[in-house]
Amino acid sequence: MSAVDVTRRWFLASLGSAAVATGFLPGGAQAGPLFGDVSSRGYSPTLWYEISGDGRILVHVTRAEMGQHIGTALARIVAEELEANWDHVEVVHVDTDPRWGVMITGGSWSVHKSFEELSRAGAAGRIALLEAGARMLGAPLKDCVARASEVRHGARAISYADIVSSGSVTRQFTEEDLKAIALKPASERRFLNRDAAARDVPSKVNGTAVYGIDRKVDGMVFARPVLPPTRYGNSIVSWDDGAARKLPGYLSTVVIDDPTGTCQGWLVAVAESWPVAAKAADLIAVSYRSDGGAASEDQMLAEGARLVENPSTGGIFFQEGDPLMRIAEAAALHEGVYRTHTVLHMHLEALNALAWQDGSTWHVHAGNQWQSVTLPLVAEALGIDQADLVFETSYLGGGFGRRLYCEYIVPAALAAKKMGRPVKLIFARSDDTKFDQPRSPTVQRLRSVTDGRGALLAYDHRCASGWPTRSIFPEFLAPSADGHGTVDVFAINGADHWYDTASQRIQAICSDVVHATMLPGYLRSVAPGYTTWAVETHIDELAHKLGRDPAEYRRALLGAKGRNGGAAPHAVGGANRLRAVMERVLEKAGWSAREALPPSKGMGLALGTGQERDMPTWIATVAQVAVDTHSGAVTVERLTSVVDAGTLAHPDGALAQVEGSMLWGLSLALFESTEYEKGLPRDLNLDTYTPLRMTDVPELDIEFLRNDHMPVGLGEPGVISIAPAIGNAIFAAIGARVRDLPIRPAAVRAAMGA
Amino acid sequence: MISFLVNNVDVQVDAPGDTPLLWILRDWLNLTGTKFGCGVAQCGACTVHVDGQARRSCVTPVASVAGSAVTTVEGLAATAGDGRELHPLQAAWIEVQAPQCGYCQSGQLMQAAALLGETPDPSDDDIRNGMAANLCRCMAYVRIQKAIKLAALAQNGGRK
Amino acid sequence: MRVAILTAAAALSTTVALAAEADLRRSESFDAIQNRIERSVALFGEMAKVITHPRCMNCHPADNIPRQGDDQRLHRPPMIRGGEASFGPSGLHCNSCHGSENLAVVGHDRDIPGHDPWQLAPANMGWIGLSVHEICVQLKDPARNGNRSLADISKHLATDGLVGWGWHLGKGREAAPGTQEILGELTQAWIKTGAACPK
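Chains as they are written, first to last, in this note's numbering: chain A, 1 to 754; chain B, 755 to 914; chain C, 915 to 1113.
Keep in mind that a hint or two might mislead.
Below, computed lysine-lysine pairings styled on DSBU-like, alpha-carbon distance capped at 30 Å [unchecked claim]:
(1) K1085/C / K678/A
(2) K963/C / K1085/C
(3) K434/A / K216/A
(4) K1106/C / K1054/C
(5) K900/B / K588/A
(6) K1085/C / K1069/C
(7) K246/A / K1085/C
(8) K601/A / K900/B
(9) K216/A / K418/A
(10) K678/A / K434/A
(11) K179/A / K142/A
(12) K434/A / K1085/C
(13) K418/A / K246/A
(14) K900/B / K434/A
(15) K963/C / K1054/C
(16) K1113/C / K1085/C
(17) K963/C / K1069/C
(18) K588/A / K561/A
Calculated directly from the structure, the hints in this document are not laboratory data.
All chains, please: the whole structure from these sequences, using the hints.
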């Protein structure tokens, strides 16, 4: 046995004896917080990093790590302008502190929205170090260069470590100073658009990465919630834990009195271990008074269909010209109704939170994408000042939008308060699913009028869905373009496509039936996940109706006119870049040879510009499918996507995001959905809710068009063009037009008959 | 008191016999690399080895492993027997940068190790079929498959 | 632990048996059929209520993919027969998930089925998609029944533990009709009457 094994033997053996004594976790042997101490020393030209006296560059990352290797991407941005030695750069994920400002990881925003600030922060450090270094070298500043964490003058050099430890660099930068800094020309870049191994990967292959569920503190007990029959409108009439009390290790059942209204009619079963708490929760008999919304999937879809036809509903997201007049006058109108069913997050790390009080400060350890929205909620639930609450940071076992609004921390905190000791609340998978914030069912009606040459004269898009922002953060609702009411842009983004259109109106309609039943959430790709399905299916239908090749027709509409010409710095080139990715994907996928495919096989094209017009990632996808005309089953043989996301902060991470998100798109297109029944999802676990598995993976062909433009988002845009490309390919293969997601074999069969 | 080996170390735990092995590993023995995902043997995040065979620890009563040898991701490297810090699969996982969120990866690695244990030179179909019961919600499947092939090649001394 | 479960099952057997006879007739109720061949055919028809039940069919696939549940959906997670052992693909055996006993899991309305061993019927005994006639012919054909004599078949149906699981299946799925004992009697009577197959 090696020395390492001896150590491990001692470690495990000591635990073993402790386990004998107590039957559960001994105190003292616990996973510590994941991330290091960020107390200040060394030099910090801005908030965003610190150079310590030994030359280590600690980049403060406020964005959650949930699979994007975000720390690596953001640190590369800093390192670029700082002229750092990459080996000296460390990623530090910070806990909540007001000094970090808003903490949110979502919308595929992280790199895009951090780019300017982190670049300028890096440049500020370089400037200050150059000045100090030149002084220390006794060399003229203009003759010195910064490179690889050194200031160099000819053959002489002084390290950042020596400069910082000398105490001679102290320069601070005002906002104006930072704004005035000119960033490096792209020709001088040494980090961006170049690869590096992701810093989070090693801990994710040896079991040492700490997720929300992995943290332990002294005196901690375990809990599982007992959920009411629907999300809203429940109160507890009576309950009985007599059967649970017979379980050794069972401690008690806590009634959650929640001033925030997050938990309506909740109990939490508490025990010395989670398996006992979990069993106990199943044994507690509860009687509820319930009058909450309990709509079914069909009722939500029917309401959506009613809403899109009701002209008095909805807020205007975008309008130009008067499309309704043209539609009223048109001799021929093309109309389509596109629907999507409820889909679930099914992040693999089941919802969990650990909460405890230490002196006057409350601590929470839980995966979290949007600390700034959840922290005030938890403080309100506990009745404490926000300053007395700290959220520790951990890795997320999947975010996908479910960990933006982390209301599931509330019952953990309230249980810990009542128990007077640390409580780790873990949801069984079925609890997690019942308490999901699903992507609600959506119904979209698109109407368009073209002239004889196919130009879009009028275009009218109305989308009825749940509005996540209305429930989660109403301050983010935008005013309707006509001044009446509001719009959740996160429920309609992506509908404002880049095709030239003479007049158009895009409206989002909030479904109260959805909101009475569920808390509609943000789910990876958010609105473009369904708006792009409608837009790209509709455009394809128009092309076929006009007898045009779907690619040639799109090319004709991508004239980059007016606002479609783009804007600097986020959308330089506009629709021209969308056309470029399309031309390249057609070439790669062999579009021109598609007529030679055997019967029942086809290719479909779809374009995507997720996640929003202010941050477009340009994507074109060709799907090749084979349809079994007997069963209606669709096999996706190949997906080809070409992506222009501007500068890539971490190209391999960018590729990984596109690989995963394309498969997400495929999963949402063919394999994922549930139906609400009596106010809850029918499918509570992965035996009947069936995301894509390795056996379902088609050939993937991905290419980035590389350039030095402003980086945009990559966590989600890869999702959105997949489903319409598949739907359009099905039409090309067998002439059947599907308008509902997911595309189930029965729907294909039905469309064949139509 | 239930006795078994974990990563080649004798352990004794005082727990009800029907306690799932998963929670014994995580909360009694502090081996938190093994993850809780679905609790019903659908996702594979909790995969460990029991006497060299892949097992879903969330549906394995601890009493059923009495006297057995359990290996978790924390002990995977040692099973390669070459004294290195990483099992060839772990090295390949890093080489291709397989993990995204990483939560399923311990289970993926343990399942892949069971696959290579039986079929040292797996075909694409062997990999797909053997790994189909391990869900990756980030859908990092392309790289997982690539890493398994790479590890197989490395384990077989570069011979194909 | 297993002994305890069998004892519990035995204690229940009187009440269970009364219900069981309602959905699977005992062999003597066919005595009234005079013609021996017709009686044999009728007996097999009764046996087929069990044989074609999801509890049996789910592990007799013709496409090497096990089925699941009363609606006989494809097994989730995805699973295939694997090699000749019919015990799953390389590295992923049936007992990676299926233990030696049925297992209740929290927050789930179905137990995880368990029995030692847990495996598919051999590949040449695929029944899904076959008619009752075809299943009957196959059952008698030593080339396609694991080289079993009729006596072996009878013993298998009457005493095999995995067959018996069809009546000891835990929460969340429907038991096969009758009892294994009645199935055993029916099989013996069928063999005694010449083991005739329905058309």
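Verification of the supplied hints:
Between K1085/C and K678/A, the direct Cα distance comes to roughly 23 Å. Compliance with the 30 Å bound is thereby established for this hinted pair. For the hint linking K963/C to K1085/C, the alpha-carbon distance of about 21 Å falls within 30 Å, and the restraint holds. At roughly 26 Å between alpha-carbon atoms, K434/A and K216/A fall within 30 Å of each other, so this suggested pair holds. Taken as a hint, the K1106/C and K1054/C pair is honoured in the structure, with Cα atoms around 14 Å apart against an allowance of 30 Å.
Pair hint K900/B plus K588/A holds up; C-alpha atoms about 22 Å apart against a cutoff of 30 Å. With a CA separation close to 27 Å, the supplied pair K1085/C and K1069/C stays within the 30 Å bound. Restraint check for K246/A and K1085/C: satisfied, since their Cα atoms lie roughly 22 Å apart, inside the 30 Å limit. For the hint linking K601/A to K900/B, the alpha-carbon distance of about 28 Å falls within 30 Å, and the restraint holds.
Between the alpha carbons of K216/A and K418/A the distance comes to roughly 19 Å, so the proposed pair stays at or under 30 Å and holds. Of the pairs offered as hints, the one joining K678/A and K434/A holds, with about 11 Å between alpha carbons and a cut-off of 30 Å not exceeded. Taking the CA atoms of K179/A and K142/A, the gap is near 21 Å; set against the 30 Å cutoff, the hint holds. Taking the CA atoms of K434/A and K1085/C, the gap is about 21 Å. The hint holds against a cut of 30 Å.
Taking the CA atoms of K418/A and K246/A, the gap is near 22 Å; set against the 30 Å cutoff, the hint holds. With a C-alpha separation of about 36 Å, the suggested pair K900/B and K434/A falls outside the 30 Å cut-off, and the hint is violated. Taken as a hint, the K963/C and K1054/C pair is honoured in the structure, with Cα atoms around 18 Å apart against an allowance of 30 Å. Note on K1113/C and K1085/C: the hinted pairing is violated, with a Cα-Cα distance of about 36 Å set against a maximum of 30 Å.
With a C-alpha separation of about 18 Å, the suggested pairing of K963/C with K1069/C holds against the 30 Å cut-off. A threshold of 30 Å between alpha carbons decides the hint, and for K588/A with K561/A the separation of about 27 Å falls inside it, so the pair holds.
The structure fails to meet hints 14 and 16 from the earlier list, while all remaining hints are met.
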